[in-house]
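Chemist: Each chain, written out:
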Amino acid sequence: MHKYFTAVALLVMSFLGPAALYAEEPAEIIKKSQEAFFYPGKDMQARVKMALIAKTGQERLRELTMLRINGSGGDQKYFMYFHNPGDVRGMSFMVYKYPNKDDDRWLFIPSINLVNRIAARDSRSSFVGSDFTYEDVSGRDIEADTYKYIKEDALEGKPCHVIESTPKSPTEYIRKISWIDKTTYLPLKEEYYDVQGALYKVFTAEKVEMVGGLPAVTKRTMANVKSGHKTEVVFEGIAYNVGLSDDLFSERYLRKPPEKWIK
Amino acid sequence: MKAKITYCVTLSLLLCLLMAPSYAQEVTFHGFVQGNISARVTGNETADPEEGGDYLSGEERLRGEVTGSSGPSDFVLKIDLVHDSIAGEDGIDVREGYIDYRSADYDVRIGRQIITWGAGDLLFINDVYPKDYGALFSGQPLEYLKIGSDAAKIAAYSDLLSVELVVIPFFEPYHLPDPKRFFLYNPMPGLPQTIEEPRRETENTEIALRLSRQIARFDTSLYAYRGFFKLPGMKTDDPVSPATAILFYPQLSVYGLSLQGAFANGVLSIEGGYYDSLDDRGGDDPTVANSSARYLVGYSRQFWTDFTAGIQYYGEAMQDYSRYEDSLPAGFPKTDRLHQLVTLRLTQMLKYNTLRLGLFSFYSPDEEDWFIIPEVRYNMTDSLWTSVGVNLFGGKNSTTFFGQLDKNDNLYANLRYEF
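So the protein sequences, as listed, match chains A and B. So that you can map any letter, position 79 of the first sequence is 532 in this note's numbering, and since no number is skipped, the others follow by simple counting. So that you can map any letter, position 313 of the second sequence is 1133 in this note's numbering, and since no number is skipped, the others follow by simple counting.
By construction, these hints were calculated from the structure, which means they are not laboratory data. All C-beta atoms in this analysis are idealised placements derived from N, C-alpha and C, irrespective of residue type, glycine included. Don't take every hint at face value.
Unchecked claim - Taking lysine-lysine and the BS3-like style, the derived pairs with C-alpha atoms no more than 25 angstroms apart in a straight line are:
id: 1; chain 1: A; residue 1: 660; chain 2: A; residue 2: 485
id: 2; chain 1: B; residue 1: 1171; chain 2: A; residue 2: 679
id: 3; chain 1: B; residue 1: 1171; chain 2: A; residue 2: 502
id: 4; chain 1: B; residue 1: 1171; chain 2: A; residue 2: 683
id: 5; chain 1: B; residue 1: 1000; chain 2: A; residue 2: 508
What the hints assert, rightly or not - With the Cβ distance kept under 10 angstroms, some of the chain B side facing chain A (calculated, not the full set):
id: 6; residue: 939
id: 7; residue: 962
id: 8; residue: 965
id: 9; residue: 1024
id: 10; residue: 1025
id: 11; residue: 1044
id: 12; residue: 1046
id: 13; residue: 1050
id: 14; residue: 1085
id: 15; residue: 1120
id: 16; residue: 1121
id: 17; residue: 1125
id: 18; residue: 1195
So that you can see chain B by itself, here it is in the shape it has in the complex (with noise of 0.2 angstroms):
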């Protein structure tokens, strides 16, 4: 991880170094401070003796982003110099670094960035990319839920069509809160944990695809993607004797579609996908997720002045449910054929919007769990604004995917001055 770090920052600083004298008109560089401070507040605390205890999250970061162009490319440089305050570690944190080369009909883009695709609200199907769970789940700015993917992009654009092809050498799995801070729900206790992403082959690129218009004044979108699912299967060594539990990465495609548009005084938003098992189309393989088709439907309204709300609806409809109930071993939490959620979000503006009152909210009817972020944002001036919020988990399980988060429920503060 840490030679991982390391060469991205060298290959960054010489390709600025590189580019810097033909740069060197327009070249910009801004960033800014950051403080983020997440503590529980159930009173448990988890029992790891180095970073136990009541904080979820403390760190400091120096953010610096250099912007460069010079004819039709240009590049984009964001790191994030990191102090985590609880395991008393500095670190170097690359947001994004890549080159774009723009013609009249196609771009490039090569590097290290991060890629929004779909229509969902804090809910991802054709958004195959990486992303930190522990980061939104302690509090920290919402941006830092995407984590960035090394790919080269290229993107086609024509009347009738624009054509996104990403390629991703290198896997990048979602970050889930690590368990010497938080409270987790683990199937097989006592087993140390080893993970096997996919090995750094060809045959392991990871492709996405994405072909949109604009139809009937609806953003449409049809999505295809060939890699991996980004959250791992658990298996272990030896069925038997276990001494050791596996976390990897089964093989995934993706194929789906969203639409979002004005309907209603408001903002429609559908997307659809089909998860597509391959490591386990029979469905009979209980340590690999089946098949299943994902689906949701939001729609979000201003209702009066500066004040907008929007609900989404999502299901996860699994394939082949019996053999999945056939093959469960004994012991292990069953879900339903048909897993669902509602989520909430409220805004109101306040102060010629430098005060910000929110509310996001995750429920499960199937699992019976939620997730809920009351947050208030205050801008103190153009460059320092400061942001105060709970995260509070529950549910009837301590093995649902916010019911195990159920002990974790803190309180966050983050206070960012921006240059």
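Just chain A, same shape as in the assembly (with noise of 0.2 angstroms):
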């Protein structure tokens, strides 16, 4: 009798497909994954270098310094202060980020002391000339797509989530798997597919490693397969909770930045 039931269940359960065998919303693990990727901590103070590498092997390098704080309801402001190079040196980048809206961006341009507001319809731009677009510094809005349980599978002996994401309007990729870590809910791996259902651009969690008691990515890629032009990133001396206050995220700042916080 026993072993019917369990034979029942199983078919049941195959029949209605994994979702159901997880107990889990696709749609609430990716806003798990969001909350542990981009929202750790109240505030976070990093290092950023980023390394932007050609076929043909040359590289770029940018080295900016990233403050963020959270709000209410989801909101964050993030503030990025260039290092190098050159032609980028002493500009420094605010953002208000808002979900399901558009963002406030504003930009510093220290060789005329001007602060700009820039246009931030389309957050799929090229984030400083990298293979990241803006969204993937700051995250895409949860409710631009509709989630899919694909599976479970393990990565690098770690059990992960296997979701599917499809954007509800055109974008220029039409599904995104991605591998969720089951424990930190960080993302591990994701792969883009074209409108021709291609792979053409992969992100890959090189390192997590735990951060004042919290699991931090601090390198990862974005690797454009069909181009062949990959970019590079490493979170150096991140730190959550330091103390950020809201006022740094201003003006005054933007055209001044803050000594203390950017060093």
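Got two chains here, separate frames each, mind docking them using the hints?
Modeler: Here it is, written out as structure tokens:
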């Protein structure tokens, strides 16, 4: 009798599909993943080093300090100060990010002491010439995609949820497959498929470390498998809950970056 | 002029030396080497025996940038050593040199500094600070459009409001294209010119104020300025038998506001200002610009990945127009009551932002003149970039702002190595 029940249960489950095997909804997993990846701590400070590597091997480097503070209801503020290279040195970039609404973005150009608003509609534009987009840096609206649970998998021994995201409105990819660590909820790998259905971009979390009790991706890569171009990003000296105040994210500090925090 | 430069450099070096020990731990040094060349392509050559010919600019610059900080204060010094190949002259251009002091709720900046206010893109209403149109018209990198002001700036911040007060003791006019190199309209040809700048007196100190805060996600500012027009008026020493034309800078007050923020998937910019011509409030002095109301509306938006388009409409409505008409001497070109400009900016980034295709254009429907700048910029490496472009001028009349430059269409190139 008992065996019979088990068999029925397995049969029902297999009909319902893998999603039913796991209690969590895929959208819920993505939400937790975004919280783990983009929202850890009340605030964050990090030195970010980007290597933009062409197919030929030619490297360009970007070095910046990133400050972030979380607000209420998913709102966030970002401050980025560029240390290198020369043509962007001293520039500051500030973003007020709102879920489901266009961001407010400002750019400070030190050579003419100009603070300018930046049109921010297309979050798929390249971030400082890298393979990462603005969205990859500060997160995509959860409402912008529909989600499907594909399977369970393991990456380098870490059990993962594999989720497919499909954009509701046209963008340059038609689907994204994400491997999300079951324990930390960090995305370990993401594959982007273009409108022809071919794989063209791959995100990889190369290194995950514990920072102040929170798991953090300290090295990540975005590779364009079609062009052979890739971008490697290392987050150095990440610190959470350092006590950033809201007024740092203002025109005053955009024009004159806060020494204490950007070193 | 030379004495002034020497004075600035000496002062700057002295300051550096004085501060060096205390800043020793946190001094940085950067800079660049830059070449700029601009050649007229219309075939017209100016007649000046020394600087005439096809070239509008040809120079090499070595920039040194020193910054240092210690506790709540720091300093910045940006100096260009310039070799002007056309005139065969060497010079020093102190771009900026200032000291900052910062406390919890106020900042002080003293020294030569570039200040940029307002919401316009290459259109300025409340930005009353010095500019170099010669640099813009000969294709030098955009930063050379702005010139530093020798000023003191005090800024105070609260949750309610930010206040900036700028005090400029020494007047600096707009730098206009050099008549030795550019074909320009001269309303009084044949008369030698002298320049009368406001005297170095305390009562001629320029004062500018800006109050700002965010209102409903819009960056909102109010402005007030008391000083001088930066574009000169022209009069003669003797109206009956003139021997000299005098360029002078009448008194001016400006009151204005600006708004900039997200709107309809793009950025909306609005700015307005009232130019109160203090030396000609009646509007009947033809040598002094009448009072005017100036305003602009701009909208920019990203239409597809890495492509942005921006459009602006600018208007300048002259007050007391009938008195202007009545007092204008015969033979002088008359401007319309309402002067308008439309600008368009298109930018496409390509190849991981290393290649930028840009276009900026001005067009005035009333003066029927234009200025168009297509430009390509390419970053060869992180430290080396080049830009090549064309400045195209034209117009129905040779007396309007851009129309007078018709014969000066030029091809320019810049090359910069940063370190």
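Chemist: Decide, hint by hint, whether the structure agrees.
Modeler: Against the structure, the hints come out as follows:
Between the alpha carbons of residue 660 of chain A and residue 485 of chain A the distance comes to roughly 20 angstroms, so the proposed pair stays at or under 25 angstroms and holds. At roughly 14 angstroms between alpha-carbon atoms, residue 1171 of chain B and residue 679 of chain A fall within 25 angstroms of each other, so this suggested pair holds. For the hint linking residue 1171 of chain B to residue 502 of chain A, the alpha-carbon distance of about 20 angstroms falls within 25 angstroms, and the restraint holds. For the given pair, residue 1171 of chain B sits about 13 angstroms from residue 683 of chain A by alpha-carbon distance, which is consistent with the 25 angstroms threshold.
Restraint check for residue 1000 of chain B and residue 508 of chain A: not satisfied, since their Cα atoms lie roughly 50 angstroms apart, outside the 25 angstroms limit. For residue 939 of chain B, the interface hint holds, the least distance from its beta-carbon to any beta-carbon of chain A being 8 angstroms, beneath 10 angstroms. A distance limit of 10 angstroms between C-beta atoms decides the matter here; for residue 962 of chain B the minimum to chain A is near 7 angstroms, and the interface restraint holds. With a cut of 10 angstroms, the hint placing residue 965 of chain B at the interface with chain A holds, because the nearest CB-to-CB distance is about 7 angstroms.
Because the closest C-beta pair between residue 1024 of chain B and chain A is about 24 angstroms apart, greater than 10 angstroms, the hint is violated. Here the hint on residue 1025 of chain B is broken, as its CB sits about 21 angstroms from the closest CB of chain A, past 10 angstroms. Below 10 angstroms, beta-carbon pairs count as interface contacts, and residue 1044 of chain B has none with chain A, the closest being about 19 angstroms; its hint is therefore violated. Hint status for residue 1046 of chain B relative to chain A: violated, with the closest Cβ pair at about 21 angstroms, above 10 angstroms.
Because the beta carbon of residue 1050 of chain B sits about 17 angstroms from the nearest beta carbon in chain A, more than 10 angstroms, this interface hint is broken. Taking 10 angstroms as the C-beta cut-off, the interface hint given for residue 1085 of chain B holds, the closest approach to chain A being about 4 angstroms. At about 5 angstroms, the closest approach between the beta carbon of residue 1120 of chain B and any beta carbon in chain A falls short of 10 angstroms, and the interface hint on this residue holds. Hint on residue 1121 of chain B holds. Least Cβ distance to chain A is approximately 5 angstroms, under the 10 angstroms limit.
Annotation: residue 1125 of chain B was flagged as interfacial toward chain A, and the flag holds, the nearest CB pair being 5 angstroms apart, inside 10 angstroms. A cut of 10 angstroms between beta carbons decides the hint on residue 1195 of chain B: the least distance to chain A is about 15 angstroms, and the hint is violated.
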